[in-house]
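Engineer: The primary structure of each chain is shown beneath.
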Amino acid sequence: MSTKTPPSLLSRRSPLASPATQLETLRRLKLPREFDMALQEAGLHPLRPTRLDIFQMNLGKMCNQTCRHCHVDAGPDRREVMSRETMEQCLAALAKTAIPTVDLTGGAPEMNPHFRWLVEEVRRLGRHVMDRCNLTILETAPHADLPEFLARHRVEVVCSLPHYRALNTDKQRGEGVYEKSIRALKRLNALGYGDGQSGLRLVLVTNPVGAFLPGSQGSLEAEWKRELLRNHGIRFDALFALTNMPISRFLEWLEQSGNLEMYLERLVTAFNPAAARGVMCRNTLSVGWDGQLHDCDFNQMLELPVEASAPRHIRDFDLAKLDARTIVTDRHCFGCTAGAGSSCGGATT
Amino acid sequence: MQNPHYYHSHDLARFPEVGKNRPELAQKFFDWYGAVFADGALSAREKSLIALAVAHAVQCPYCIDAYSKDALEKGSDLDQMTEAVHVAAAIRGGASLVHGVQMRNHVDKVGM
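Here the protein sequences come in this chain order: A and B. Adding 590 to a residue's 1-based position in the first sequence gives its number in the working numbering. Adding 803 to a residue's 1-based position in the second sequence gives its number in the working numbering.
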C-alpha cells in the first residue's frame, strides 16, 4: 500500500460520499444477527443514555490531512465549519447544565476560525476542554503558536498517531505525517504535556491500519510508552485504542480491498455485552457543525439525527428530553461493541 | 476426490473440535496456551512475534494465518513481522549449515 492517501470521497464524487449509500452498503451484507438482537440478548434494548458527561462539538469537516480511514471524509476541500452563532447556542446550552467536559473534534477543529474564542469561552464556564488534534496542524504556519495556547488554557490534547513507528502511520495518514507528528509531540512535551505532573494531559489515539481489531489497550499503551521514550524521548499519559468504524473512507477501503464482509462478520461475532454497556453514545451528545444533534459522531456522519422525541438542534437544547430519548442504532454500531469496545475515550471495558 | 487438499483455511476455526474426545486434556492445553500468551516478562506483542517466527519455522499455514493477524492486532507492523520471519529463517538456515561441521568431522575421519 502506498503512503499517498486519496482525496475526499466528496471531491472524487464517489457514491459513498452519500450517507444513505453507506447505510445501504452495510444493510446489503448477510450478517449473523442485527444490532438490535445483540442488544436484546445483552439486556440493553432499547439503548438509553446514562448521564450526559461529554458535550462533543464537531467544528467542521475541514482538515489539512485526508487519512485513509477517516469516518468524517474530512480534507482540505471541505468547507463545512461551525459558525460563531452555532457556537454561541452551544455555550448557552452548556451554561444551563453541569456537563463537565467539552470535546472538540472535526476535521481539524483548530482550522475553525473561531476555535480559540470558543476554547476561551468554554474555559470561562469552568468546563474541561479536550482538543482532538491531528498533530500535523501544529506544524503549519497559521497554528505555530497553538501548543502554547492549548497549554495556557489547560486543554487536554487527544492526538491521533496510529503507530509508534513511521511505516503504519504514514500508510494510514499520509506521507511525512509521522515525522511532523513526532516534532509536534516533542513541542507539547516541552510545554509539560504528558509529564504526569503538570496536569497537562496528553493522550494518543491509535486505530488499526487494516481490517482487524485493535489489541489490548493496556498492553499497547505499555509498549508505546516504552518505544516512544526509547526512540524519541516522548512521554504521554494514556493511549486510546479505537476500532475503525466501517463507514465513509474506511468503508470504501474495505469494499475495494475485498475485506468488507469478513470485517463486519468479525465485528458481529466479537460483540461484547460489557463493551456495549460502556459505549459513548450513552454519556455523550454530539453536535454537528450545523448545530444538529446526534447520539455520536458516527451517527452524525451518517446523518442519523437523535430520535424525534428529543430536540434535534442545539438551539432547542432540552436536557430532560435528551435524557429520556432512545439512542438510534444501526449495523455500524457493531464497530463500538466489538472486543474490548471502542469509543472516543478508547476501550469501553 | 471431494477434498483434494490437506489444508483448508476454514479448518482453523474448527480447532476447538480437537477437544471432542478427551476434553479434559484439550482444556488443559487451551488454558495453558492462553496463559502463555498473556502479558508477562515479555509483552503480548513480543510473544505474538515469536509465535509468528515459530509458525514459519514449523511451516504451519494455520499458525501463519492466525499470527499474521494477531501480530497486527497486537501492534506490530510489517517491518517488525518481516524481521521476525528472518530470525526464523536464519535459525533454520544456520541449523542446516552448522551440521556442516558434522560433515567435516566425518570427512576428516574417513578421508585421506
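No lab work stands behind these hints: they were computed from the structure. Do not take every clue at face value.
Derived lysine-lysine pairs resembling DSBU-like cross-links, with alpha carbons at most 30 Å apart [said to hold, decoys possible]: (1) B:850 <-> B:823; (2) B:831 <-> B:872; (3) B:831 <-> B:850; (4) A:594 <-> A:770; (5) A:620 <-> A:686; (6) A:815 <-> B:850; (7) A:776 <-> A:815; (8) A:815 <-> B:823; (9) B:823 <-> A:770; (10) B:850 <-> B:872; (11) B:831 <-> A:594; (12) A:620 <-> B:831; (13) A:594 <-> A:776; (14) A:911 <-> A:594; (15) A:911 <-> A:686.
Take a look, some chain B residues computed to stay more than 10 Å from chain A by CB distance [to be verified]: (16) 828; (17) 846; (18) 903.
Even glycine gets a Cβ: it sits at the ideal position worked out from N, Cα and C.
Engineer: For every hint, state whether the structure bears it out.
Structural biologist: Going down the list of hints, with the structure as the test:
no., hint, verdict
1, B:850 <-> B:823, "28 Å, holds"
2, B:831 <-> B:872, "25 Å, holds"
3, B:831 <-> B:850, "20 Å, holds"
4, A:594 <-> A:770, "16 Å, holds"
5, A:620 <-> A:686, "45 Å, violated"
6, A:815 <-> B:850, "18 Å, holds"
7, A:776 <-> A:815, "14 Å, holds"
8, A:815 <-> B:823, "43 Å, violated"
9, B:823 <-> A:770, "54 Å, violated"
10, B:850 <-> B:872, "13 Å, holds"
11, B:831 <-> A:594, "48 Å, violated"
12, A:620 <-> B:831, "36 Å, violated"
13, A:594 <-> A:776, "25 Å, holds"
14, A:911 <-> A:594, "46 Å, violated"
15, A:911 <-> A:686, "14 Å, holds"
16, 828, "27 Å, holds"
17, 846, "5 Å, violated"
18, 903, "37 Å, holds"
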